[in-house]
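Enquirer: Fit chain B to the given chain A structure using the hints.
Note that the protein sequences, when read in sequence, are chains A and B. First residue of the first sequence? That's 1 in UniProt numbering, and the numbers climb one at a time after it. First residue of the second sequence? That's 1 in UniProt numbering, and the numbers climb one at a time after it.
Hints listed in this document are in silico derivations from the structure and should not be mistaken for laboratory results. Ideal Cβ placement from N, Cα and C applies to all residues, glycine included. The reader is advised that the hints may include incorrect statements.
[Stated by the list, open to error] Quick list of in silico lysine to any residue cross-link-like pairs, SDA-like style, CA-CA up to 25 Å:
#1 K140(A) to H106(B)
#2 K82(A) to Y31(A)
#3 K82(B) to P83(A)
#4 K82(A) to G89(B)
#5 K140(A) to R156(A)
#6 K44(A) to E146(B)
#7 K82(A) to E92(B)
#8 K44(B) to R142(A)
#9 K82(B) to F212(B)
#10 K140(B) to P53(A)
#11 K208(B) to P83(B)
#12 K194(B) to R207(B)
#13 K194(A) to A50(B)
#14 K194(A) to A210(A)
#15 K82(B) to A206(B)
#16 K80(A) to G160(B)
#17 K140(A) to L152(A)
[Unchecked claim] Derived list of chain A stretches under chain B, where covered just means 3 residues or more per stretch with a C-beta under 8 Å from a C-beta of chain B:
#18 60 to 72
#19 77 to 91
#20 105 to 119
#21 147 to 157
Next come the chains, spelled out residue by residue.
Protein chains: 2
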Amino acid sequence: MEGAAVKVYGVASSPFVATVLLCLEEVGAAYEVIPVDLAACEEKAPAHLARNPLGKIPALEDGDLTLFESRPIARHVLRKHKPELLGIGNMERSATVDVWLEVEAHQFHPSAIAIVRECIGAPLRGRACDQAVVDENVSKLRAVLEVYEARLGRHRYLAGNNVSIADLNHFTLMHYFMSTEYGPALLGPLPRVKAWWEELAARPAARKVATFMPLDFGVDKKKE
Amino acid sequence: MEGAAVKVYGVASSPFVATVLLCLEEVGAAYEVIPVDLAACEEKAPAHLARNPLGKIPALEDGDLTLFESRPIARHVLRKHKPELLGIGNMERSATVDVWLEVEAHQFHPSAIAIVRECIGAPLRGRACDQAVVDENVSKLRAVLEVYEARLGRHRYLAGNNVSIADLNHFTLMHYFMSTEYGPALLGPLPRVKAWWEELAARPAARKVATFMPLDFGVDKKKE
Numbered sequence: 001m002e003g004a005a006v007k008v009y010g011v012a013s014s015p016f017v018a019t020v021l022l023c024l025e026e027v028g029a030a031y032e033v034i035p036v037d038l039a040a041c042e043e044k045a046p047a048h049l050a051r052n053p054l055g056k057i058p059a060l061e062d063g064d065l066t067l068f069e070s071r072p073i074a075r076h077v078l079r080k081h082k083p084e085l086l087g088i089g090n091m092e093r094s095a096t097v098d099v100w101l102e103v104e105a106h107q108f109h110p111s112a113i114a115i116v117r118e119c120i121g122a123p124l125r126g127r128a129c130d131q132a133v134v135d136e137n138v139s140k141l142r143a144v145l146e147v148y149e150a151r152l153g154r155h156r157y158l159a160g161n162n163v164s165i166a167d168l169n170h171f172t173l174m175h176y177f178m179s180t181e182y183g184p185a186l187l188g189p190l191p192r193v194k195a196w197w198e199e200l201a202a203r204p205a206a207r208k209v210a211t212f213m214p215l216d217f218g219v220d221k222k223k224e
Numbered sequence: 001m002e003g004a005a006v007k008v009y010g011v012a013s014s015p016f017v018a019t020v021l022l023c024l025e026e027v028g029a030a031y032e033v034i035p036v037d038l039a040a041c042e043e044k045a046p047a048h049l050a051r052n053p054l055g056k057i058p059a060l061e062d063g064d065l066t067l068f069e070s071r072p073i074a075r076h077v078l079r080k081h082k083p084e085l086l087g088i089g090n091m092e093r094s095a096t097v098d099v100w101l102e103v104e105a106h107q108f109h110p111s112a113i114a115i116v117r118e119c120i121g122a123p124l125r126g127r128a129c130d131q132a133v134v135d136e137n138v139s140k141l142r143a144v145l146e147v148y149e150a151r152l153g154r155h156r157y158l159a160g161n162n163v164s165i166a167d168l169n170h171f172t173l174m175h176y177f178m179s180t181e182y183g184p185a186l187l188g189p190l191p192r193v194k195a196w197w198e199e200l201a202a203r204p205a206a207r208k209v210a211t212f213m214p215l216d217f218g219v220d221k222k223k224e
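Next comes chain A alone, as it looks inside the complex (with noise of 0.2 Å):
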């Protein structure tokens, strides 16, 4: 640990925020998580909203910059403390992890986050899970895992022979994914997928922070 402590603001369970707090274990830096009550609204509050004007979570605060948005977050995070993984100082490599994270960002998430907010979200809230949507994001999700596994054929990360911020963006999501059914049916067959997958959840910060992510987000614990 060195430095002051960021304050990261937000619920450690959510997949958004613990991207976030994955980065902090990663480089090892002091933080604080101040929580913010989601059935109270008060990422709509002023309070908040003057951290981050789209009023959600998580938002950052390190010294006198306030940061919003999982993905600069985590951006920043590494810059300031292993700037390595970013591919900082390296222009091919770079542009390489930029593709890899805009990847993440564009096609494997919006499906990925689909599937699990029908079949762990909706469930929590009472609501029937809707298979169509499920099945449709099953889909896509499938064909970008066979990209990727070809990609893991050529190099032993997404971004090259070196762990990125465009592999661990993956893990959060990925933690939630793979409790579904659709995660070890998806993964099945793509034998390299789930060796990156395998070591990715086996990295000591990730196992930490698996543990602020129960399968339930924490609503049987609220409930007792």
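Expert: Chain B only, in chain A's frame:
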């Protein structure tokens, strides 16, 4: 112009491809557009899949480096030729640019492209505009642009007092959006966003790239 011309694979009227061309024009880099025939599904053919395994446009070849997805390509072009547009070398500025580029990608873009697809794309394809989709996205986009209006009251550009990739990346989709009835209607009550847009559209690089983006996507020309 300096260095060997980079190759941009795609169709210049695509807002994704045109964003890459805008950055190349901004930095004065030599480039060549290699057409990809979407009507013939050339983007899904092996030659293009070797450039972009997702089978989409644009892709870029810069010497031995092949990249895909418009935002990573835009970052690469600017990192190489005008790194100040990414805030490189200033930790706070880099992080702020990243935040507002993420807002463009995940808040502005999804709503703006939905409106453009319904209002411009659907009629060109002989399909009726889905007004419910338009109304929902106009409402979402208004909320995003109101956040911009407040932001632009404190800073000349989205990421501070100098233009950045976060501003530039709005240009091509805004170009199409502003040609719909909803563009002037949404910007009317937002004078700072209107002035920001007009300044953006007046940049020499933007004026040049606008000539590649006829408002009928070149459909009328093909029919002649």
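Enquirer: Work down the list of hints and note, for each, if the structure agrees.
Expert: Hints, one by one, checked against the model:
1. K140(A) to H106(B): The given pair, whose Cα atoms are some 19 Å apart, holds under the 25 Å limit.
2. K82(A) to Y31(A): Judged against 25 Å, a Cα distance of about 16 Å means the pair holds.
3. K82(B) to P83(A): holds, 20 Å
4. K82(A) to G89(B): With a Cα-Cα distance of about 15 Å, the restraint between K82(A) and G89(B) holds, given a limit of 25 Å.
5. K140(A) to R156(A): holds, 23 Å
6. K44(A) to E146(B): holds, 15 Å
7. K82(A) to E92(B): holds, 16 Å
8. K44(B) to R142(A): The hint holds at about 17 Å.
9. K82(B) to F212(B): holds, 23 Å
10. K140(B) to P53(A): holds, 14 Å
11. K208(B) to P83(B): OK: K208(B) and P83(B) at ~22 Å, within 25 Å.
12. K194(B) to R207(B): Holds - the C-alpha atoms of R207(B) and K194(B) are around 17 Å apart, at most 25 Å.
13. K194(A) to A50(B): holds, 24 Å
14. K194(A) to A210(A): Holds - the C-alpha atoms of A210(A) and K194(A) are around 18 Å apart, at most 25 Å.
15. K82(B) to A206(B): holds, 16 Å
16. K80(A) to G160(B): Given pair K80(A), G160(B) holds - Cα atoms ~20 Å apart, limit 25 Å.
17. K140(A) to L152(A): holds, 19 Å
18. 60 to 72: holds (count 6)
19. 77 to 91: Per the Cβ count (3), the hint holds.
20. 105 to 119: n = 3 at 8 Å, threshold three: holds.
21. 147 to 157: Result for this restraint: holds, n = 3.
Checked against the numbered hints above, the structure breaks none of them.
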